[in-house]
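K.L.:
Spelled out from the first residue to the last, the chains are:
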Amino acid sequence: MAHISFILNGEVIELGKANPSVTLLDYLRLERGLAGTKEGCNEGDCGACTVSVASMENGSLVHRAVNSCILLLGQMQGKSVTTVEDLGGNHPVQTAMVDHHGSQCGFCTPGIVMSLAAAHQEGRQDHRDVLAGNLCRCTGYAPILRAAEAVAEQPVPAAKFDERAALESLVDSGFTDVDAFAEWYAQNPDAVLVGGATEVGLVLTKELKQPRKFAFLNRIEALREITHEDGGTRIGSGVLLARLRGAMVGKYPQFAEMLRRFGSVQVRNSATIGGNIANGSPIADSPPALIALGASITLRKGAERREILLEDFYLSYGVQDRAEGEFVESIFIPEQEDTLGVYKISKRFDQDISALCGAFNIVVNDGSVASARIAFGGMAATPKRAKAVESALTGAPWNEETIKTAQSAFAEDYTPLSDQRGSAAYRLTLAQNLLTRYFLEHSGQDRVRVVGAVS
Amino acid sequence: MSVAKSIPHDSGPAHVSGSARYVDDYPLPENAVHLAFGLSEKAHADFTLDLTAVWAATGVIDVIVADQLPGVNDVSPSVHDEPLLADGTVHYLGQPVFLVVADSHLNARRAARLGKVEYSEKDPLVTIDQAVEADSKFGDPVTYAIGDADTAMSEAPLTVSGQMEVGGQEHFYLEGQAAYALPEEGDVRVVSSTQHPTEIQHKVAEALNIPFHAVRVETRRMGGGFGGKESQGNALAVSCAVVAQKLNRPAKMRYDRDDDMIITGKRHDLRIKYQAGFGLDGKLHSVVFEHFFRCGWALDLSHAVADRAMLHADNAYHLPNARILSHRLRTNTQSATAYRGFGGPQGIIGIERVIEHIADELGMDPLDVRMANFYRSTGDLTPYHMEIEDSISSELVAQLAESSDYEKRRAEIATFNAGSPIVKRGISLVPVKFGISFTLTFLNQAGALVHVYADGSVQLNHGGTEMGQGLNTKVAQVAAEVFGLDVSAIKITATDTGKVPNTSATAASAGADLNGMACKDACEKIKLRLIEFAKAKWGGDVIFAAGRVSVGEKVVSFGELAAAAYQARISLSSTGFYKTPKVKWDRIEGKGRPFLYFAYGAAVSEVEIDSLTGENRILRTDILHDVGNSLNPALDIGQIEGAFVQGAGWLTIEELRWADDGRLQTAAPATYKIPCASDIPDVLNVALWDGANLEKTIYRSKAVGEPPFVHGMSVFFALTQAVAAAGGNPYFDAPATAERVLMALSE
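Chain order of the listed sequences is A and B.
Residues in the first sequence are numbered consecutively from 810, following this note's numbering.
Residues in the second sequence are numbered consecutively from 7, following this note's numbering.
Honestly, the hints are just simulated from the structure, not real lab data.
Accuracy of the hints is not assured; some may be wrong.
As the list claims (entries may be wrong) - To be clear about the criterion: a stretch of chain B counts as covered by chain A if any three or more of its residues have a C-beta under 8 Å from a C-beta of chain A, and this derived list gives those stretches:
#1 35 to 42
#2 144 to 156
#3 254 to 264
#4 353 to 362
#5 644 to 653
#6 680 to 691
Said to hold, decoys possible - From the structure, some residues in chain A lie toward chain B, with a derived Cβ separation under 7 Å:
#7 851
#8 854
#9 855
#10 906
#11 1058
#12 1059
#13 1227
All of these numbers come straight from a predicted model, not from anything done at the bench.
Heads up, the beta-carbon is just placed ideally off N, CA and C, and yes, glycines get one too.
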């Protein structure tokens, strides 16, 4: 039980002894009678439960659309939540949705309205990306996109209250200091660490597990920093994927493009890079790119820190090199020329778990391969480097023949599984063909893919 | 005029403000209980239960098994072969085995996982091949035929033959299945997210051993249906009613999404075998189809679905000699059910594959083969011996080919492909002709109840249900039209078996056709009384327009007229009724007129594929669709756009996969992907065909729910064209996932 203090539609809520693992959606619908926010899937995939959550980030007030079905009350400390009820019915997004016939059955509509309203507030024009996390089965999205375009030029309605002041007035609670948390976690290694809860949420809503001890990390500023150090970039493990994308656009645009397709706006607004790494999933999308970039991670237990290469963190399926009470504190990407190619292959382009995700970082000097780091998710029990392919490439001339030879080495590196996301044969063929894609993209070929080309 | 106007959906403002209520949104009394099913973990087994841990779980109030049910243990919409709770044997993985009653939804779900089930496993039949091998089926195969297919085949200059597998489809209505029941002095009131309140009423009454009149079922709106709430809501409503009656407490049940996906039926998948004989001009001489429908464990509506597939095996083409043979296979999987198109799309894709195959064989543009085979406007016979009276395929397709620049773009694509080694493009134009009416003839009836109050406001009720399609708006437009009122004067109320009895499901695209006519009938009866009254009172001709009524020289508001009529003791309430004329169908013989008319349309899609990965996307789609004289162009275009995207999803990224043990592997949105906003074409042009329905339907409009679903097929065949352009084998199965496309390229 925890004390949680937050703002709901302008009203300060003080929960004296709340169960922090109750989802915000259940709280809204069952405790508050706010039934406008819908449960469509209860796992963060459909967006019917989208609400807008505001908080101070690096001194500015930021509004983010998030899935309330896998957001826990424990994460709400110090936040301001706006639900569809609070828009009032005459928000420009609402008017445009009616005028453009953007609702049919209406069940996804409150979530769509909240996504569009949050995007409108931030001045976003990438409507299809904004809506990637909001499924609609009736309209085929066309009228919703028309509504989004129509509303883009209209002014943002004035705030109903001073949200910044209200946030600052909230009673503090929970971890804000990384040292205090590190010390506590070393003593309480059985606690469930919650970064964005996009994974933990499902443990609660689908596996129906009932862990008792949680640590909510989302207010520890030290974990949410991105710093440029000598020799590289350090990314706090609590950095949201939405922010990471922004930080990668200039440096590693293909990484940023992959992050554009990572989950959805709502997921990227909740999920952290540390969670994606520490979770240990073999199909997590960020590890391949980070491994290809030669990233290392800092693990911390109490005051003790150690740094290891990310690729060495993954020991076997579901097992990582992480001691009890130890947590991922930061990720370090060494400075380098950008030669990164990142390819996420999934059944649906947006908001889908990858069949595989491959990252290639090949440096060519004077027509031959000086170095190659290649890593894949979805090809083995862990994110894993393709060392046989790398060695087939290294030192060889950068030409089609080398590519062909190196392709056959994928079978030495990987014995992928067949599952609902793709057969073993498909995965292996894909991995080989993606090397061709990388070669073509780095040989001046322009049109070699149907989405996500980065010039 | 109130009809033919683009009036927004009547619930639009409530949808966008979050005030539109769905079943789970209604506050229930404090003592309400919540239900969840314990589900089978095996696809085929005898079982025994130990529910000790369930009883002991937090919040559990009751646990119910099959032999404790008070009445009939059945929720089937057809032949009583679908027990609410498995009775000794489970027939698919996900089948409800026991029913938990708890103090909260979450506690019910948690407890439902705690049942200890001892299974004595049997071999499950999962695939078509396994079912064929085991001769596991619902009834004997059905054949429809015309002419002499065998002789014509043997005499045809050329023949092609082949086989394709076509996947099923999860409905993925955004609002999962939900119902609640309130005990009312021995009677029961049920609120259900259902397309078929009357069937819920019947199943609840059977389950409780009470007459139909003791069960009242209401449906205000569904958060999507698509056929998935035609019969699949029965289990929840019956469970709630049983518990409400047993405990004398309100009971609510809703499926968590993953439960919904693993319990409920989906679109039928099938195998189609074909052989076609044709001339050098591409004209069909003879076609033979064999359909193998995988129906799942219970019959549900499978006969009617498979029949409709046979009735659409011709699509828009004249098949002078044809034989269609249909097998309905019983497997240990979810019982496949109604889904938008109801077998029609599955029938149509077969003949479209045949057309593509013939064009490939002859080196012709597939569009030319299509044009060569369209039904003439009148006179041709379908394979089920119905005379075509209204075909507009030739004109409509010619107009679309022109407006979409089909020929020019096809040439440009060839040029593009020649210069693009990795990315390849394809284009395809696919028509649709879709038969409108329930093939079970007696279902083609509807009722309405209209009240005019003494202030002139109108309350409307009809037997159809609102699932997002805008039926209520359209029917209200009809009432407004008859009375010369603004549509805002018409109050639409929840569908209610207590107001309009003995209704048919809102299905077969027929909602507006049937209920619009019933509403018109009711309104006209009242209007006639008002006219007689006004004439007698004031004299002269009576005209209703713009909220006013002129009687000779006298002009009064509609409200004043209603008040005066009330004072004069004129009845201002009426029922209305409609039954579809002309339809007559013998489904055993395969002869008659199953449909009042056909709806037509066509779509052109251009796609591109990545030949390294199989990834693909739609660049542009142009649709021209026939809704007759539209009741509401905006709502009709909304149906067309939505159906197109849903149809494209069915044939591209939406893939259902079952493991060998019968487990549905794609039973969550994480693994089953419906289209999202970025999947729709960059350019999507939708136009309505300018032409009235030749039949006397409601204001000469045409049904729109299902026919445009077929437009998604243009995407599939554009992909096969692109694969062919990349040197691959275009005869791949559906859906065209990236994996299928890539594998087709390496064949």
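K.L.:
Hold the hint about residue 854 (chain A) up to the distance rule: shortest CB distance to chain B must be less than 7 Å.
P.N.:
With a closest approach of 4 Å, the residue 854 (chain A) hint holds.
K.L.:
Can you verify the interface hint for residue 855 (chain A): is its Cβ closer than 7 Å to any Cβ in chain B?
P.N.:
holds, 6 Å
K.L.:
So, as I understand it, the hint says residue 1058 (chain A) touches chain B; can you test that by seeing if any CB pair is closer than 7 Å?
P.N.:
At about 19 Å, which exceeds the 7 Å cut-off, the nearest Cβ of chain B leaves the hint on residue 1058 (chain A) violated.
K.L.:
Closer than 8 Å Cβ to Cβ for three or more residues is the test here. Does the segment 353 to 362 of chain B pass it with chain A?
P.N.:
Coverage by chain A is violated for the segment 353 to 362 of chain B (0 residues, Cβ < 8 Å).
K.L.:
Examine the segment 680 to 691 of chain B: at least three residues should have C-beta closer than 8 Å to a C-beta of chain A.
P.N.:
This one holds; 8 residues, not fewer than the three required, reach chain A with a Cβ under 8 Å.
K.L.:
Check, residue by residue, whether the segment 644 to 653 of chain B contains three or more positions whose beta-carbon lies closer than 8 Å to a beta-carbon of chain A, and give the verdict.
P.N.:
holds (count 7)
K.L.:
Quick one, is the residue 906 (chain A) hint okay against chain B at 7 Å, beta carbons?
P.N.:
This interface hint holds because 5 Å falls under the 7 Å limit.
K.L.:
Do three or more residues of the segment 35 to 42 of chain B come closer than 8 Å to chain A, measuring C-beta to C-beta?
P.N.:
violated (count 0)
K.L.:
Using the nearest Cβ pair, does residue 1227 (chain A) come within less than 7 Å of chain B?
P.N.:
Since the shortest Cβ distance to chain B is 10 Å, the answer is violated.
K.L.:
Can we keep the residue 1059 (chain A) interface hint, with Cβ of chain B closer than 7 Å?
P.N.:
Where the cut-off is 7 Å and the nearest Cβ of chain B is about 23 Å from residue 1059 (chain A), the hint is violated.
K.L.:
Under a C-beta cut-off of less than 8 Å, do 3 or more residues of the segment 144 to 156 of chain B approach chain A closely enough to confirm the stated coverage?
P.N.:
violated (count 0)
K.L.:
Against chain B, run the beta carbon of residue 851 (chain A) and see if the smallest gap drops under 7 Å.
P.N.:
Interface hint status for residue 851 (chain A): holds (6 Å vs cutoff 7 Å).
The structure does not agree with the numbered hints 1, 2, 4, 11, 12, 13 stated previously, though it agrees with the rest.
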